[in-house]
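K.L.:
So you can see what is in the structure, the chains are spelled out below.
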Amino acid sequence: MVATFEWDEQNGASPGSKSHAITNGNFGNVDDKNIDITVEANKIPRGENSYSKYISGHFSGAYTLIGPNGKLWKSAGSLPSGVTLKATMTVTYATPTKTATGDSDIPTVEGSALTVQFGDTEAQATNNTEATVPCYSAYYRCQLQTTGSAPTGAIGAQTITLKYDES
Amino acid sequence: MSEEVEYPRLIPWMARFERGSTLSQFDPSSGKETLFREVLLRELKDDLLNFTVGNVTLDMKEGSFIIHENGKAFKLIPSCGKVKEMMDEYGLEEERRRSKLQGQILKRLIYFRRRSTDFGADVKPDRIVYALGWQATVDGRNVKHILYIHPNGDLVLG
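Protein chains in written order, with the working numbering: chain A, 1 to 167; chain B, 1001 to 1158.
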């Protein structure tokens, strides 16, 4: 079998709590996983930021090694004017807030993708390869930032791709 | 290659060693999986003859790839020229003479799956490309040949 993979998300006051196998990475005016963007209270006011999100890759099942060559980037979807998606890989979880993370725009081509490392836990994900079962990628910290000129409504579909070697 | 191809999740491997023993990713009778690390462990003490992924067999003695297709077998030698020219190019003949491994150069097996998985909206099924090859240190230089096996049948020598 190939390794079993799922996306996890950490939420709440540090050290937070983890939810496995999240179904979407929607951004919102709330610190939560699987955000329903049709709920009025979850919508991000124009000119404000979303709560930052901490998402990780979770590997289990049968494998010899996860990694190397871990990469993460935004592979599809365009953002409207006044909206930017910021991202980085980090081993440090902090309570999600709406304060700007200070991260750069997420790469949109594989050639400049964020480097993804792996470890027993997200906090220990500093290795190019990891043999422990299960193991995790570092946190993909991301945040949607808007300006006053951002359009009303959902931003449209965005696709994030994680690429890695496994054996 | 089209991104719309439906990728099978798994192309199993099989290793053949000296004295006729084999190791399959899935036991033919029980279906139990053997991890690739078992090949690496046995590679050190047993002589690995070849390693097969799908329709491609890597000959560990020669370093060549044998592609089985429609009942025929094609041999792909990782060189743009003749075998001897390739050996000369990489200094393999000289290394072979120096080698104490009965004229063979110590090659290390390379095998991995390169997996891409999406998140968010409009996600595509996972894409998995299989990589099969060898690496050797020849005259202090790193020589590596990898054949990428796409489940839609494409083969790319890297």
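To be clear, the hints were calculated from the coordinates, so they are not data collected in a lab. Incorrect hints may appear among the rest.
Once the Cα atoms are required to be at most 27 Å apart in a straight line, the calculated DSS-like pairs of lysine-lysine come out as [unchecked claim]:
| hint | chain 1 | residue 1 | chain 2 | residue 2 |
| --- | --- | --- | --- | --- |
| 1 | A | Lys43 | A | Lys163 |
| 2 | B | Lys1061 | B | Lys1045 |
| 3 | A | Lys163 | B | Lys1124 |
| 4 | A | Lys18 | B | Lys1124 |
K.L.:
With reference to the structure, classify each hint as holding or not holding.
P.N.:
Do the hints match the structure? See the list:
1. A:Lys43 / A:Lys163: The hint is violated at about 31 Å.
2. B:Lys1061 / B:Lys1045: The given pair, whose Cα atoms are some 15 Å apart, holds under the 27 Å limit.
3. A:Lys163 / B:Lys1124: holds (13 Å)
4. A:Lys18 / B:Lys1124: holds (25 Å)
The structure fails to meet hint 1 from the earlier list, while all remaining hints are met.
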